[in-house]
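Colleague: Sequence:
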Amino acid sequence: MNTLDAKGSTVALGLNIAYQSSFSPEASLCSAPERLLHRRGCKMTPSSQTEEHKKLNAKITKLEVELDKARKMLYAAEDIIIDERIRLTNVAHIERRSDKMYRVLMISLTLNITAIVGLCVYLDALRRGTSR
0 MNTLDAKGST
10 VALGLNIAYQ
20 SSFSPEASLC
30 SAPERLLHRR
40 GCKMTPSSQT
50 EEHKKLNAKI
60 TKLEVELDKA
70 RKMLYAAEDI
80 IIDERIRLTN
90 VAHIERRSDK
100 MYRVLMISLT
110 LNITAIVGLC
120 VYLDALRRGT
130 SR
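Sequence positions in the sequence shown follow numbering that gives the first Met the number 0 and run 0 to 131.
Source of the hints: derived by calculation from the structure; they are not laboratory data.
Some hints here could point you the wrong way.
Stated by the list, open to error - Distance condition first, Cα-Cα at most 30 Å in a straight line; then the derived BS3-like pairs of lysine-lysine: (1) K71 <-> K61; (2) K53 <-> K68; (3) K58 <-> K71; (4) K68 <-> K58; (5) K54 <-> K68; (6) K71 <-> K53; (7) K54 <-> K71.
Claimed, not checked - Pair ranges (Cβ atoms, derived): (8) I81 <-> N56: 33 to 39 Å; (9) E50 <-> E83: 46 to 52 Å; (10) N56 <-> I93: 51 to 57 Å; (11) R96 <-> K61: 48 to 54 Å; (12) I80 <-> L110: 52 to 58 Å; (13) I79 <-> H52: 37 to 43 Å; (14) A75 <-> L55: 26 to 32 Å; (15) N111 <-> I85: 35 to 41 Å; (16) V90 <-> A57: 27 to 33 Å; (17) M72 <-> D98: 35 to 41 Å.
Just so you know, even glycine gets a beta-carbon here, dropped at the ideal spot from N, CA and C.
Based on the sequences and whatever the hints tell you, model everything.
Modeller: In structure tokens form, the structure reads like this:
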């Protein structure tokens with residue numbers, strides 16, 4: 000066996016030990032076959048449940064109800080965020096249009112002022128008799 004195979008088997012052995020220790024009998028109320036059934040989503044029959052199982056199942060049910068409530072609140076919050084993004088997009092669009100209109104008005108005002116100044120200079124030149 001080369002060193003790469005040895006390292007790989009050592010890692011695999013370490014992972015297997017870690018996996019097995021995560022399902023210690025103290026950590027679970029079920030035997031190994033029952034844990035396997037739970038992992039696959041199977042429920043125990045009511046006659047085989049202990050009182051602790053019933054308490055845990057009641058807690059799980061309560062937590063599932065709370066989770067559903069939290070999901071509904073999350074969906075409502077997402078809807079609010081989407082509505083706010085749409086509103087902000089519309090506001091930004093209006094602001095861009097108003098900025099463009101402001102620039103057009105400022106350019107127009109500048110041109111008008113330039114035309115008025117030019118007209119005043121021309122009229123002053125006519126009055127003095129030095130028009131070209």
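Colleague: Next step is simple, just say for each hint if it's right about the structure.
Modeller: Do the hints match the structure? See the list:
| no. | hint | result |
| --- | --- | --- |
| 1 | K71 <-> K61 | holds (15 Å) |
| 2 | K53 <-> K68 | holds (23 Å) |
| 3 | K58 <-> K71 | holds (20 Å) |
| 4 | K68 <-> K58 | holds (15 Å) |
| 5 | K54 <-> K68 | holds (21 Å) |
| 6 | K71 <-> K53 | holds (27 Å) |
| 7 | K54 <-> K71 | holds (26 Å) |
| 8 | I81 <-> N56: 33 to 39 Å | holds (37 Å) |
| 9 | E50 <-> E83: 46 to 52 Å | holds (49 Å) |
| 10 | N56 <-> I93: 51 to 57 Å | holds (55 Å) |
| 11 | R96 <-> K61: 48 to 54 Å | holds (53 Å) |
| 12 | I80 <-> L110: 52 to 58 Å | violated (45 Å) |
| 13 | I79 <-> H52: 37 to 43 Å | holds (40 Å) |
| 14 | A75 <-> L55: 26 to 32 Å | holds (30 Å) |
| 15 | N111 <-> I85: 35 to 41 Å | holds (39 Å) |
| 16 | V90 <-> A57: 27 to 33 Å | violated (49 Å) |
| 17 | M72 <-> D98: 35 to 41 Å | holds (38 Å) |
Violated hints for the displayed structure, listed by number in ascending order: 12 and 16.
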